[in-house]
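Kindly produce the complete structure, drawing on both the sequences and the hints.
If you read the sequences in order, they're chains W and Y. Start counting the first sequence at 2; every next residue gets the next number (the working numbering). Start counting the second sequence at 16; every next residue gets the next number (the working numbering).
Source of the hints: derived by calculation from the structure; they are not laboratory data. Think of the CB as a built atom: it goes at the ideal place given N, C-alpha and C, for glycine as much as any other residue. Take every hint as true, because none was put in to throw you off.
Far from chain Y by the CB rule (all over 10 Å, computed), these chain W residues:
| id | residue |
| --- | --- |
| 1 | Ile13 |
| 2 | Val20 |
| 3 | Arg23 |
| 4 | Ser28 |
| 5 | Asp30 |
| 6 | Gly53 |
| 7 | Glu55 |
| 8 | Ser66 |
| 9 | Gln68 |
| 10 | Asp72 |
| 11 | Leu82 |
| 12 | Gly85 |
| 13 | Thr112 |
| 14 | Val113 |
| 15 | Leu114 |
For lysine-lysine, the following DSBU-like pairs were computed, each having C-alpha atoms within a straight-line distance of at most 30 Å:
| id | chain 1 | residue 1 | chain 2 | residue 2 |
| --- | --- | --- | --- | --- |
| 16 | Y | Lys96 | Y | Lys123 |
| 17 | Y | Lys119 | W | Lys10 |
| 18 | Y | Lys96 | Y | Lys119 |
| 19 | Y | Lys119 | W | Lys58 |
| 20 | Y | Lys96 | W | Lys10 |
| 21 | W | Lys10 | W | Lys58 |
Derived DEER-like restraints, expressed as beta-carbon distance ranges:
| id | chain 1 | residue 1 | chain 2 | residue 2 | range |
| --- | --- | --- | --- | --- | --- |
| 22 | Y | Pro124 | W | Glu76 | 43 to 51 Å |
| 23 | W | Asn78 | Y | Asp54 | 21 to 29 Å |
| 24 | Y | Ile121 | W | Ser28 | 32 to 40 Å |
| 25 | W | Gly29 | Y | Gly73 | 24 to 32 Å |
| 26 | Y | Glu92 | W | Gly4 | 26 to 34 Å |
| 27 | Y | Asp54 | W | Arg19 | 27 to 35 Å |
| 28 | Y | Glu20 | W | Leu40 | 18 to 26 Å |
| 29 | Y | Arg74 | W | Thr16 | 42 to 50 Å |
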Amino acid sequence: DSGVTQTPKHLITATGQRVTLRCSPRSGDLSVYWYQQSLDQGLQFLIQYYNGEERAKGNILERFSAQQFPDLHSELNLSSLELGDSALYFCASSVPAGGHEQFFGPGTRLTVL
Amino acid sequence: GQSLEQPSEVTAVEGAIVQINCTYQTSGFYGLSWYQQHDGGAPTFLSYNALDGLEETGRFSSFLSRSDSYGYLLLQELQMKDSASYFCAGADSNYQLIWGAGTKLIIKP
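Okay, structure coming up:
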């Protein structure tokens, strides 16, 4: 158990819909990262937050947005969903100067029908 | 920018030793991390090389050569449970990770 929690574990929805994925980092970790992993693919970095502020942006679509709240939990919002958005979405956290060692949550498996 | 290259698949025999290579092209490179991911599971951190040389953690070792822009993960005494995907990831000056595409390790009895 990494100490990072993600909800929900599974999500099935229809095209055009909007969903919110939630992540709680390990106690004390200020950084939260979001990744997308499609079937048999590598990890695509989406976005990083540090202590409530956006720190870095990767290949995140405009239809996707995220935020980190004062209690450090984070939410990833996916809207106007397409079939190709079906993937595993991981959240990870790290200590402030330890981005090289990230602790991953169990992931949310999103299926868009 | 950074990019990391690693083989897509490696096959080895139980009990043997296997090496998974990672070459990178980067500017502002600060170190190399390795992660393991079992099918359907989350990536887990294995090791980080901030300096050139070998880092050993039990059956796993990781090596970095900055002059050659090259690193590898060495797995010894392979066990069936080591069947997984292995990712190298380069850290930049802000400790952002740039990820390789992953190497699927297949272990045969």
